[in-house]
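Build out the structure end to end from the sequences listed, making use of the hints.
In order, the protein sequences belong to chains A and B. Residue 43 in numbering that gives the first Met the number 0 is what sits at position 44 of the first sequence, and the numbering runs on without skipping anything. Residue 89 in numbering that gives the first Met the number 0 is what sits at position 90 of the second sequence, and the numbering runs on without skipping anything.
Read the hints as simulated data drawn from the structure, not as lab findings. These numbers were taken from a predicted model, which means no experiment stands behind them. All residues carry an ideal CB built from backbone N, CA and C; glycine is no exception. It is possible that part of the hints are untrue.
When the alpha-carbon atoms are kept at most 30 Å apart in a straight line, the in silico DSSO-like pairs for lysine-lysine are as follows [said to hold, decoys possible]: (1) A:K138 with B:K23; (2) A:K138 with B:K51; (3) A:K138 with B:K20; (4) B:K53 with A:K138; (5) A:K73 with A:K15; (6) B:K30 with A:K138; (7) B:K61 with A:K221; (8) B:K3 with B:K23.
Listed next, the stretches of chain A that the computed footprint assigns to chain B, with coverage defined by at least 3 CB atoms under 8 Å from CB atoms of chain B [unchecked claim]: (9) 116-129; (10) 198-210; (11) 216-228; (12) 255-264.
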Amino acid sequence: MSSRLQIILSGLMVGKLGTILVLFGNPVNMGVCVACFYRDIAGSVGLHQAGVVQYIRPEIIGFILGAFIISKMKGEFRVRGGSSPIIRFLLGFFLMIGALVFLGCPLRMILRLANGDLNAVTGLFGYVAGIFVGIQFIKQGFSLGRSVKQKPVGGYTMPLFAVVLLALLLLRPAFITFSTEGPGAAAAPIWMALGAGLLIGGVLQRTRLCTAGGFRDAILIKDYHFMWGLIAIFVANLAGNLIFNFEAFNLGFEGQPIAHTDHLWNFMGMTLVGLTAVLLGGCPLRQTILASEGDTDAIITVVGLVAGAAFAHNFGLASSPAGSTFNGQVAVMIGLAVTLGIAVLSTQTSVSMERGVKSNV
Amino acid sequence: MDNKICIMTFHTTYNALNFEKALKREVIEVKLIPVPRDLSSSCGSAARFYLKDKEKALALAKEYNIELDELYERETEAEKPSLLERLLKKK
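Okay, structure coming up:
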């Protein structure tokens, strides 16, 4: 099978599963949302107290275990790290803030788009703008540094985290909270969500589909390999929504499920997401896959995402269908300032394209 | 020989961009692509060029102090540009 066909098929699968999970109980336009699902997990284990978004999402457990098992089987589980971990934590943290001001990760943005939510178009413009800005830094030499091989033990953090989450989900000890209303209470059956997650995790470990990489490669090196996968997600989800859930399809800005019409902050939130994702080298979904195949830098990024989600709900930064909050707007501006600062300070200008000039790498 | 290609990987995208710039300056045909899946599970950028230009390319990288990762030689011709690529090029 050609690699292009593979990426298209994996995109179709993600889009299709997005439809199916909603049909079987997940929140509308949230068949798969990596940011939302980490946020739900953060709430469930008591890191934030927003009662309507607390659930241990089996999809996340599936992504991690699926990617871990496949990478192990294929001999691609390589433990490496050491590429600016604390910077990655910060970028992951602010990525989540941006996503929760918009209300969704880039994957949910595509799924929202495929169900007629035009606020996601505003988000998409912001996302591409953020990626475009990040690319300018990459062109000037931005890098978080090379990762190096590490001792194997650290790489098992992620699969272990998934197993613990699975145990908590199944045993439901008293200290775990599950929403009884709101998006957190809307969920597909555990076995189905877990199965979908395993499938997505395994397939994406093979195909490397990434919402940030798709736009980055298209803009930076004019390569459309990953873009095909993103188009496939959109097409499969759109077709699924129109065929199986036509009544819920709603083209427009108003009255969209778990979304708001605050255009400026939909744009700015996703700008922050695009900028941080391209500097990190991958969107939240891709970071999760990398984290599961031994990339300890990606694990730190995921920890940043979870911390960001907890902060977003503890300090009133996350938007609601009523709109964005003042605190959230301030947080996005701080996030953009910090991220741009990191980008400037991590960009080497000492390498010269003049012949024979020694570089300081 | 003419259809044989080389894939060069890098530690940073910046190196890949500089490598492309250096080769293009000497009118050597080069294209940046995502690292082929069979070479790595990572998702960085690699450079693809013809095997006949290998020595020249390596010399240029040295001359411009561009840090390289690995060089792979391939028997087959690279994939043809996709429909989308061709459409975008026409614009």
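Each hint tested on the structure:
Distance restraint check for K138 (chain A) and K23 (chain B): the Cα-Cα separation of roughly 16 Å lies within the 30 Å cut-off, and the hinted pair is therefore satisfied. Of the supplied pair hints, the one linking K138 (chain A) and K51 (chain B) holds, its CA atoms being roughly 28 Å apart against a limit of 30 Å. This hinted pair checks out: K138 (chain A) and K20 (chain B) have alpha carbons roughly 11 Å apart, not beyond 30 Å. Of the supplied pair hints, the one linking K53 (chain B) and K138 (chain A) holds, its CA atoms being roughly 24 Å apart against a limit of 30 Å.
The straight-line distance between the Cα atoms of K73 (chain A) and K15 (chain A) is roughly 26 Å, inside the 30 Å bound, and the hint therefore holds. The straight-line distance between the Cα atoms of K30 (chain B) and K138 (chain A) is roughly 16 Å, inside the 30 Å bound, and the hint therefore holds. For the given pair, K61 (chain B) sits about 26 Å from K221 (chain A) by alpha-carbon distance, which is consistent with the 30 Å threshold. In summary, the hint linking K3 (chain B) to K23 (chain B) is supported, as the alpha carbons are separated by about 19 Å, within the 30 Å threshold.
Chain B is given as covering the region 116-129 of chain A, and this is violated because 0 residues of the stretch bring a CB closer than 8 Å to a CB of that chain, at least three being needed. Chain B is given as covering the region 198-210 of chain A, and this holds because 5 residues of the stretch bring a CB closer than 8 Å to a CB of that chain, at least three being needed. Here's how the region 216-228 of chain A fares: 10 of its residues keep a CB closer than 8 Å to some CB of chain B, so the rule of at least three is met and the hint holds. Check on the region 255-264 of chain A: 0 of its residues sit with their Cβ under 8 Å from a Cβ of chain B, so the three-residue criterion for coverage is violated.
Of the hints listed earlier, those the structure fails to meet are numbers 9 and 12, in rising order.
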